[in-house]
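Work out the full structure: start from the sequences and follow the hints.
Residue numbers (the working numbering), protein chains in the order written: chain Z, 83 to 384; chain S, 43 to 161.
For the record, the hints were derived by calculation from the structure and aren't laboratory data.
Don't take every hint at face value.
Partial chain S-side listing against chain Z, Cβ under 8 Å, derived [unchecked claim]:
hint, residue
1, 64
2, 76
3, 143
Simulated pairs of lysine-lysine, DSS-like, Cα-Cα distance not exceeding 30 Å [stated by the list, open to error]:
hint, chain 1, residue 1, chain 2, residue 2
4, S, 151, Z, 379
5, S, 60, Z, 289
6, Z, 225, S, 103
7, Z, 211, S, 103
8, S, 88, Z, 183
9, S, 60, Z, 188
10, S, 60, Z, 211
Using N, Cα and C, we set each Cβ at its ideal position, and we do this for glycine too.
This is what each chain is made of:
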Amino acid sequence: MKNGLNASGRYWIWYLIPALFFYIIFMAYPLLDSLKLSFYSGTVPERRIFVGFNNFITLFTDSEKSARYWGAFVHTCIFFTIHMLVQNSLGILFAVLLTDKTMRHKNLYRTIIFLPTTLAILVTGYLWKLILNPVWSGPMLAKIGLGLLAQPWLGNDTTALPLVALVSCWQWGGIPTMMFTAALQNIPEELIEASYVEGAGNWVVFKKIKMPMIRPVIGMIAILTFVNNFNAFDVVFAMENVNGAPSYSTDLLGTLFYRVGIAGQHPVGIPDPGLGAAIATITFIVLCIGVIPTLAKTQTKE
Amino acid sequence: MAVVHKDTRHKSLRWERKHIGSNAVLIFWSFLVLFPLWVMIVNSFKDRLSIYQNPFWLPSKWHFSNYSAVLQNGDFINYFKNSLIVVVLSLALVLVIGALAGFAFANWKSRASRFLFFS
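Put into structure tokens, the structure is as follows:
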């Protein structure tokens with residue numbers, strides 16, 4: 083306190099203490115505890131035994147468990163790719179359209195695009211499940227001449243995963259739109275005007291001026307999408323079930339973890355927290371490997 | 043002649059500014075967003091049978107029994123209270139703790155702070 087408001091003093095370090103306290107108790111400790119749990123076996127906390135890397139070895143050598151794990155891993159990668167392609171491209175597109183100076187009704191469109199984000203995914207997932215049900219929506223589609231679209235989209239194991247991913251894009255598309263809009267509004271007006279005066283078209287301005295200027299936000303969005311999708315669980319839970327129906331085709335790492343570690347798998351029905359923690363640990367490592375280079379590459383200081 | 047020329051140029055500029063393509067894209071997406079919400083709201087006023095008979099349009103007979111059932115049998119007030127407690131507490135904690143930590147990180151420029159918080 084003797085430094086007072088002296089700029090060279092480190093009085094502000096005390097302001098970190100509440101955040102650090104909550105971070106350690108609710109983030110760091112549970113994280114380390116779950117890393118530790120991945121080296122243990124047993125369902126009851128008091129009777130766990132240390133098994134070293136056995137959980138990881140079982141996960142990759144047991145033929146059924148490894149088939150499930152790699153299935154879930156591949157589905158999660160597809161799920162993530164669909165989000166990057168659809169959700170984030172739509173986000174950039176909408177943001178560019180909504181930052182055009184001469185466009186009208188911008189606030190109305192912005193509100194509508196952000197609307198699904200405010201709803202619970204359990205509600206919207208259930209609504210889309212009803213709408214995509216051919217028995218329910220088939221008669222209306224036939225009436226407007228789109229009877230071909232009345233397919234069992236969520237019951238077919240080739241279309242179920244893309245459809246679930248698209249519903250998730252529908253739900254969360256407002257977030258990249260909002261962040262890209264904020265980033266595009268921060269670009270100095272003179273830069274864009276000058277390039278139009280120099281004779282650049284819309285596409286060139288977008289590619290040479292807007293894209294480089296919003297690169298840090300693109301990196302941030304990519305990271306958020308990556309983390310959220312590798313931890314995704316609720317949309318599959320709402321639209322299919324925790325078994326990743328039909329025939330495990332929508333099984334994500336999140337649902338696999340839930341089945342193995344918390345709820346119990348089909349033939350046995352008893353959860354194996356150690357194996358579940360092993361899945362969570364691998365996912366955590368994959369996320370770190372993906373996130374840290376992306377941060378380093380896109381979050382450069384200007 | 044000059045006046046006419048100016049007038050047509052003005053017109054074409056206004057034509058360009060109507061953003062037909064942009065509006066078409068945004069209206070299509072707005073429809074995709076609003077349609078499920080419409081389905082949700084409209085069907086909340088139907089009884090079980092008419093949801094299947096007429097899934098997408100206004101109810102032929104308006105039922106408000108779903109709403110009264112939620113309010114009376116569902117213990118809705120209690121759930122609402124619980125959600126409110128969670129929201130108020132977490133919002134208060136996030137604002138206070140986040141503002142304090144944000145102030146500290148704004149002042150703290152070092153390798154360690156960049157490791158703790160990417161900035």
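Legend entry - Earlier hints that do not hold, by number: 8 and 10
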